[in-house]
Amino acid sequence: MNIRDEAKVEVTAPEFDWRPAASLAALQDRAAGLKWLRDFFSDRGVLEVETPLLMSSTVTDPHIEGFSVPFSDHDRYLQTSPEYAMKRLLAAGSGSIFQICKAFRVGEVGRKHNPEFTILEWYREGFDHFDLMDEVELLVGGYLGRGDVTRISYAELFEEYFEVNPHSIDDVALTNLARSQLDTDFKDATRDTWLDLLMSGVIEPQLARRGLVFVYDFPASQAALSRLTVTAQGDSIGQRFELYVDGVELVNGYHELLDAEEQRRRFERDNEQRKQLSRPPRALDEKFLAALDSGIPACAGAALGVDRLLMLACKSKSIAEAVSFDWVRA
Amino acid sequence: MANYSTNEFRSGLKVMLDGEPCSILENEFVKPGKGQAFARVRLRNLNSGRVWERTFKSGDSLEGADVMEVSLEFLYSDGEFWHFMEPDTYEQYQADQKAVGEAADWLKEQDRCEVTLYNGVPLSVQPPNFVELEIVDTDPGLKGDTASGGSKPATLSTGAVVKVPLFLNQGDTVRVDTRTGEYQGRSKG
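Chains A and B, in that order, give the protein sequences. Okay, so the first sequence: first residue is 17 according to my numbering, each after it adds one. Okay, so the second sequence: first residue is 12 according to my numbering, each after it adds one.
Note that these hints are calculated values from the structure, not bench results. Take these hints with a grain of salt, some might be off.
[As the list claims (entries may be wrong)] Between beta-carbon pairs, the in silico distance windows are:
#: 1; chain 1: B; residue 1: K68; chain 2: A; residue 2: R35; range: 33 to 41 Å
#: 2; chain 1: B; residue 1: D188; chain 2: A; residue 2: D186; range: 57 to 65 Å
#: 3; chain 1: B; residue 1: D107; chain 2: A; residue 2: D186; range: 46 to 54 Å
#: 4; chain 1: B; residue 1: N14; chain 2: A; residue 2: G163; range: 48 to 56 Å
#: 5; chain 1: B; residue 1: K68; chain 2: A; residue 2: V188; range: 15 to 23 Å
#: 6; chain 1: B; residue 1: D99; chain 2: A; residue 2: V188; range: 53 to 61 Å
#: 7; chain 1: B; residue 1: A13; chain 2: A; residue 2: S294; range: 18 to 26 Å
#: 8; chain 1: A; residue 1: H90; chain 2: B; residue 2: E80; range: 47 to 55 Å
#: 9; chain 1: B; residue 1: G75; chain 2: A; residue 2: P68; range: 39 to 47 Å
#: 10; chain 1: B; residue 1: N14; chain 2: A; residue 2: L154; range: 46 to 54 Å
Note that beta-carbon positions come from the ideal geometry of N, C-alpha and C, so glycine has one too.
Make the full structure from the sequences, and use the hints.
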């Protein structure tokens with residue numbers, strides 16, 4: 017007989033398992049963590065707000081898809097982040113605000129991704145992205161009890177790992193660099209695809225050994241909703257940062273763009289890119305643009321993946337261990 | 012064969028990559044918040060055994076590979092090919108030296124083996140974890156020495172050479188772990 021058969025153990029497949037993947041201790045840590053985060057902001061006089069999960073428009077981001085939900089004659093969208101609604105509150109004079117809520121993104125399932133996730137988003141009036149990095153350091157370092165923090169610009173990071181300037185390297189050299197680092201056969205990759213690939217495929221895994229790493233000043237093409245500026249070296253950059261903790265992308269922050277016309281151009285450019293990717297263009301969020309046009313105070317804002325923070329705090333390998341029921345078990 | 016998109020990649024799925032049949036070992040979804048989604052995939056090339064890591068754009072697809080794992084009975088070797096049979100259908104398969112590889116040391120007639128078929132042809136053969144084989148050649152046993160820890164080489168009916176205790180003789184049958192090539196015990200058979 018074949019002895020190998022004896023080694024097979026009955027395990028319920030996760031999609032049929034009624035039990036949570038998270039331990040009771042992880043759920044208790046989660047409850048305490050949410051309270052800790054709320055206290056952090058109320059101690060600083062930041063107002064807690066709630067905005068709708070079901071919005072009448074969704075984001076134009078080429079690589080983010082919102083779930084659409086039928087409602088009488090007009091679909092609604094589960095928000096992919098509360099950013100636009102919160103900026104409308106800022107325009108209405110709310111002052112600094114924060115929110116802890118659910119956000120939803122189609123297709124993002126993996127060890128560090130759940131299509132339904134908890135996001136902490138906040139805006140600080142009068143801050144730029146460096147002030148906000150200070151606050152993120154207090155928040156994340158404080159919650160995780162970690163002091164191993166470094167700050168490095170996107171350009172310095174590429175200089176360190178690949179000895180190139182990511183802002184000025186020409187397309188051919190960039191393509192060759194990416195191909196020399198990773199086994200791929202993309203035929204229609206754009207500049208940002210190669211940069212993303214080097215960042216997530218080569219650099220991110222190495223950041224796993226570097227603790228808390230703020231990466232700031234991203235390529236202008238990845239500015240998203242941040243302000244553009246030109247560095248002393250003459251590189252055009254977006255005033256944005258990402259915080260990686262042990263190689264896990266945790267916080268994304270912007271020195272927020274205030275110019276409604278520039279914002280509209282970026283949305284339109286996003287839609288152009290969506291067409292090239294055979295994705296449906298999205299109607300622009302005119303209420304958000306009108307709020308920008310009416311004027312929002314100078315501010316910086318950040319979004320933090322709460323499930324990831326809790327996953328890091330309990331040293332789990334997977335987000336499934338930090339939420340009651342992950343996507344597969346939901 | 013069907014095409015599989017990266018979000019259907021599961022450990023164990025067999026796909027064609029660069030014309031080679033591969034088994035997926037691991038698939039990690041990678042996505043910077045605002046950036047593109049990728050699938051970082053580890054695969055084993057079933058022809059060479061080599062493991063490689065390839066990054067795909069999320070949503071890219073690969074053709075499935077016609078690879079099946081079947082349990083077949085070993086019939087005989089004619090020196091060039093090893094012949095196997097599916098015991099229910101009596102369908103026969105012949106495996107070449109490359110497919111059989113080191114398993115050749117452990118193939119005994121009528122034993123069941125796990126055979127990987129690619130387009131209906133054996134690609135690899137895995138012997139049972141434990142086999143019982145007859146000793147065809149070894150130095151004569153030492154009288155009375157049944158307990159001491161000594162061992163000696165013995166040639167088995169398949170040609171494999173394993174270390175056996177001194178008291179065993181030609182004609183005895185022994186049980187061997189094919190994963191380590193180690194003697195496990197004397198068989199009463």
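Hints versus structure:
1. B:K68 x A:R35: 33 to 41 Å: holds, 35 Å
2. B:D188 x A:D186: 57 to 65 Å: 58 Å Cβ-Cβ, so the 57 to 65 Å window holds.
3. B:D107 x A:D186: 46 to 54 Å: holds, 50 Å
4. B:N14 x A:G163: 48 to 56 Å: holds, 49 Å
5. B:K68 x A:V188: 15 to 23 Å: Given range 15 to 23 Å: holds, Cβ gap about 20 Å.
6. B:D99 x A:V188: 53 to 61 Å: holds, 58 Å
7. B:A13 x A:S294: 18 to 26 Å: holds, 22 Å
8. A:H90 x B:E80: 47 to 55 Å: Since the Cβ atoms of A:H90 and B:E80 sit about 51 Å apart, the hinted range of 47 to 55 Å holds.
9. B:G75 x A:P68: 39 to 47 Å: Roughly 43 Å apart at Cβ, these two residues keep to the hinted range, so it holds.
10. B:N14 x A:L154: 46 to 54 Å: holds, 49 Å
Violated hints: none; the structure is consistent with every hint.
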